[in-house]
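Trainee: Line order of the protein sequences matches chains A and B.
With the numbering used here, the residue at position 41 of the first sequence is 41, and numbering never jumps.
Quick note, the numbering used here runs 141 ahead of the 1-based positions in the second sequence.
Read the hints as simulated data drawn from the structure, not as lab findings.
Where is the CB? At the ideal position from N, CA and C, for every residue including glycine.
Among the clues, some could well be false.
What the hints assert, rightly or not - Covered, in the sense of this in silico footprint (three residues per stretch, anywhere, with C-beta under 8 Å from a C-beta of chain A), are these stretches of chain B:
#1 143-156
#2 172-180
Said to hold, decoys possible - DSSO-like cross-link-like pairs, simulated, lysine-lysine; straight-line CA separation at most 27 Å:
#3 B:Lys238 <-> B:Lys257
#4 B:Lys171 <-> B:Lys257
#5 A:Lys38 <-> B:Lys281
#6 B:Lys143 <-> B:Lys171
#7 B:Lys257 <-> B:Lys281
#8 A:Lys2 <-> B:Lys171
#9 B:Lys171 <-> A:Lys38
#10 B:Lys281 <-> B:Lys171
#11 A:Lys38 <-> B:Lys257
#12 B:Lys238 <-> B:Lys281
What the hints assert, rightly or not - Restraint ranges, calculated between C-beta atoms of paired labels, are given here:
#13 B:Val172 <-> A:Ser110: 27 to 35 Å
#14 A:Ser79 <-> B:Glu225: 21 to 29 Å
#15 B:Val279 <-> A:Phe130: 50 to 58 Å
#16 B:Ser181 <-> A:Gln135: 55 to 63 Å
#17 A:Trp5 <-> B:Gln229: 53 to 61 Å
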Amino acid sequence: MKAFWRIVDLIVGGIFVYAGVIKALDPVRFGLDIDNYKTLPWFVSVRFAFYLPWLEIFCGLALIFRCLYRGGLSILTASIALFIGATVAARLRGLDITCGCFGHASEHWSFPQHMAVDLSIFIALVALWFANSRQRAAVPQ
Amino acid sequence: MKSRAVREGLILIALAFLPAIGEGIYFRDKVSWQSPIPTSELVTVDQARSWGNSAIWVDARPDGEFSRNHVPGAFSLNEDHWNELLAQFLPNLSPDKIVVVYCSAESCNAAREVAKRLRDEAQLKDVFVLQGGWEEWVRKNR
C-alpha cells in the first residue's frame with residue numbers, strides 16, 4: 001500500500017511541476033489568465049503570475065522527493081481548493097475564463113473538464129493527507 | 142504535525158520567492174506592470190472614430206456574436222478560425238491603415254490575444270485594442 005501512495009505522490013507532484021514549469025515559461029500569459037477571473041487588480045495578478053508557478057514547482061518537488069512534504073501538501077491542497085472556488089465563482093459571474101493551468105493544452109477545455117481535473121487532483125491530495133497521517137500513526141514513536 | 146506543516150509551508154513559500162524575483166528582474170522590461178494592456182496599445186471609441194477611414198476594425202468575438210451585430214465595416218478575425226479568417230483579412234490591409242481590435246467587453250481577452258497575434262504573426266505595427274470593447278461601442282452609439 002505504501003508503494004501505491006508513493007506512486008500517487010509522484011503523479012500529483014509531477015502534475016504540479018509540469019503545470020508550474022509551463023506557467024513559469026510564460027508568466028505574462030499566466031498573468032492574463034489570472035486577470036480573467038476579475039478578482040484581483042492587474043498589478044497583483046502580474047506579480048502572482050511570477051510567484052505562483054515557482055511555488056507550484058517547489059511544492060510538486062516536495063511531494064516527489066518527500067522533503068518538506070507536509071508543507072507542500074498543505075499549500076497544494078489549499079491552493080487547489082481556492083482555485084476551484086475561484087473558478088466556480090467566475091462561472092457564476094458569467095465570466096468566460098481560460099484557467100491556463102496547463103498552458104495551451106488546457107486552453108480549450110470546457111468548464112466540466114476543468115472541474116473534473118481539479119476535483120481529481122483535490123481528491124488525490126486529500127487522500128495523500130489521510131495516507132500520510134495513517135502511515136505516521138502506524139510508526140511506533 | 143500541524144506546526145510542522147506550517148513551518149515547512151513557510152519554508153516553501155520563502156524559497157519560491159527567490160526564482161520568482163529573478164524571473165521578475167529578467168522580465169522587467171517585457172511586462173506591463175500597471176495594466177494588462179499597455180496604455181500605448183489601447184484606444185478609446187472616440188479616438189478610433191476620429192481616425193475615420195484610416196481605421197480598419199477587427200471583431201475578435203466568436204462568429205455567432207459577429208453575425209448578430211458588429212461595428213460597420215468590421216472584419217471577423219477570431220482564434221477559432223484564425224488561419225482562414227486571417228487569409229481573408231490581410232488583403233484588405235494597406236500600410237496607411239490602423240487596426241482596431243475589439244471583443245465583447247472590458248473583461249474579455251480575445252482582443253488583446255488577436256492584437257498580439259497580428260503584431261507577432263502578421264508583423265503589423267499599428268494595432269490597437271478598443272477600450273471597453275463592443276459594449277462600449279454600443280454605449281457610445283446609443
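Trainee: State for each hint whether it applies.
Mentor: Going through the hints against the structure:
| no. | hint | in the structure |
| --- | --- | --- |
| 1 | 143-156 | holds (count 11) |
| 2 | 172-180 | holds (count 6) |
| 3 | B:Lys238 <-> B:Lys257 | holds (17 Å) |
| 4 | B:Lys171 <-> B:Lys257 | holds (14 Å) |
| 5 | A:Lys38 <-> B:Lys281 | holds (24 Å) |
| 6 | B:Lys143 <-> B:Lys171 | violated (41 Å) |
| 7 | B:Lys257 <-> B:Lys281 | holds (26 Å) |
| 8 | A:Lys2 <-> B:Lys171 | violated (47 Å) |
| 9 | B:Lys171 <-> A:Lys38 | holds (22 Å) |
| 10 | B:Lys281 <-> B:Lys171 | violated (33 Å) |
| 11 | A:Lys38 <-> B:Lys257 | holds (21 Å) |
| 12 | B:Lys238 <-> B:Lys281 | holds (23 Å) |
| 13 | B:Val172 <-> A:Ser110: 27 to 35 Å | holds (30 Å) |
| 14 | A:Ser79 <-> B:Glu225: 21 to 29 Å | violated (39 Å) |
| 15 | B:Val279 <-> A:Phe130: 50 to 58 Å | holds (53 Å) |
| 16 | B:Ser181 <-> A:Gln135: 55 to 63 Å | holds (57 Å) |
| 17 | A:Trp5 <-> B:Gln229: 53 to 61 Å | holds (55 Å) |
Violated hints, in rising order: 6, 8, 10 and 14; the structure is consistent with all others.
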